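Engineer: Sequence:
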Amino acid sequence: MRNVTDECIQIVIGDGHPMFVDGIRALLHSIETLSIVAEVSTGSAAYRSIMEFSPRIAILDSAMAGMRGLAILDQLRADAEGTAIIILSDCEETTYVHRVLATGVRGYLLKRSTGSSIIEAVHAVSRGGLYLDPAVAAQIIPTGVFGVSGPAGAKPAVRALTEREREVLRLIALGFTNKEVAGRLGITTKSIETYKTRATEKLDIHSRAKIVQYAMVQGWLESPLP
0 MRNVTDECIQ IVIGDGHPMF VDGIRALLHS IETLSIVAEV STGSAAYRSI MEFSPRIAIL
60 DSAMAGMRGL AILDQLRADA EGTAIIILSD CEETTYVHRV LATGVRGYLL KRSTGSSIIE
120 AVHAVSRGGL YLDPAVAAQI IPTGVFGVSG PAGAKPAVRA LTEREREVLR LIALGFTNKE
180 VAGRLGITTK SIETYKTRAT EKLDIHSRAK IVQYAMVQGW LESPLP
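According to numbering that gives the first Met the number 0, the sequence shown is numbered sequentially starting from 0.
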């Protein structure tokens, strides 16, 4: 495990499958700002490690032994408010995803999610954002949101947005601040605010949560970061 510094985002990994833990460890270890402080294989061990280390993020397998259904997640919401939970699951069933999100978790990934999705989820959640695997996102956002109509999964038109407005909203949905978006795109923070305002007025969405939902409907979170 990497030495922990004040700048590192500390992470606990909880999964009962050693090979899967190995894969996540290798993926996250390539990023200097991330530090894995504990690896556990049961829900009770995950709870103890989170209480001991108070990590920024915990990545937990929902089917891990000792999770007691979703009871551990409810307990963590009460006892570890400073830790954002990302759930790993094989389940894509809408009712179950809703139940998991109701416990206050900040991310929901499928076991078949790509490595880039896991990294994007960690970055988004660490900045206070929400991340859902694109495969389940459209299922849990009701038809009719943002003008979506017709068959389930249909996407609203985005022709009114410029390319720059789309990119600004995508980065905001991933959890970046205006200052961080400005640095990535090489423009001023004031310009970012202008693009954000124009885009949200066109779409009639005025909260970060709605921006995240819209980005998921569009599939923008599947793309690699610039």
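No lab work stands behind these hints, which were simulated from the structure alone. Computed from a prediction, not measured in an experiment: that's the story for all the values here. Heads up, the beta-carbon is just placed ideally off N, CA and C, and yes, glycines get one too. Among these hints, one or two may not hold up.
[What the hints assert, rightly or not] Simulated restraints on C-beta separations: (1) ASP78 - GLY127: 31 to 41 Å; (2) GLU91 - LYS189: 16 to 26 Å; (3) GLY15 - GLY127: 25 to 35 Å; (4) MET50 - LYS178: 18 to 28 Å; (5) GLY182 - THR94: 35 to 45 Å; (6) GLU6 - GLU51: 38 to 48 Å; (7) SER29 - ALA77: 32 to 42 Å; (8) ARG197 - GLY15: 13 to 23 Å; (9) ASP73 - GLY185: 38 to 48 Å.
[Said to hold, decoys possible] EDC-like mimics (lysine to aspartate or glutamate), calculated; alpha carbons at most 16 Å apart, straight line: (10) LYS178 - GLU192; (11) LYS195 - GLU166; (12) LYS110 - ASP21; (13) LYS110 - GLU91; (14) LYS189 - GLU164; (15) LYS189 - ASP203; (16) LYS178 - ASP203; (17) LYS201 - GLU179.
Engineer: Hint says 38 to 48 Å; check whether the CB-CB distance for GLU6 and GLU51 agrees.
Structural biologist: violated (21 Å)
Engineer: Would you check the hint for LYS201 and GLU179, treating anything up to 16 Å between C-alpha atoms as holding?
Structural biologist: Given that 16 Å is the threshold and the Cα spacing comes to 23 Å, the pair is violated.
Engineer: Confirm or reject the claim that MET50 and LYS178 have a C-beta distance inside 18 to 28 Å.
Structural biologist: violated (33 Å)
Engineer: Take the C-beta atom of GLY15 and the C-beta atom of GLY127, compute their distance, and say whether it sits inside 25 to 35 Å.
Structural biologist: Distance hint for GLY15, GLY127 holds at roughly 29 Å.
Engineer: For the pair we were handed, LYS195 and GLU166, check the Cα-Cα distance against 16 Å.
Structural biologist: holds (10 Å)
Engineer: Does the beta carbon distance between ARG197 and GLY15 stay inside 13 to 23 Å, or does it fall outside?
Structural biologist: Since ARG197 and GLY15 have Cβ atoms about 47 Å apart, the given range 13 to 23 Å is violated.
Engineer: Falls inside 35 to 45 Å, the C-beta gap from GLY182 to THR94?
Structural biologist: holds (41 Å)
Engineer: Is the hinted pair LYS178 and ASP203 satisfied, with a Cα-Cα distance of at most 16 Å?
Structural biologist: Distance of about 23 Å is beyond 16 Å: violated.
Engineer: For a C-alpha distance cap of 16 Å, please report whether LYS189 and GLU164 respect it.
Structural biologist: Between LYS189 and GLU164 the Cα gap is close to 13 Å, so the pair holds against 16 Å.
Engineer: Is it true that the C-beta distance of GLU91 to LYS189 lies inside 16 to 26 Å, as the hint says?
Structural biologist: violated (41 Å)
Engineer: Is the hinted pair LYS110 and GLU91 satisfied, with a Cα-Cα distance of at most 16 Å?
Structural biologist: Given that 16 Å is the threshold and the Cα spacing comes to 10 Å, the pair holds.
Engineer: Hint check: LYS178 vs GLU192, CA-CA at most 16 Å. Holds or violated?
Structural biologist: holds (10 Å)
This entry does not satisfy hints 1, 2, 4, 6, 8, 15, 16 and 17, going by the numbered hints stated previously.
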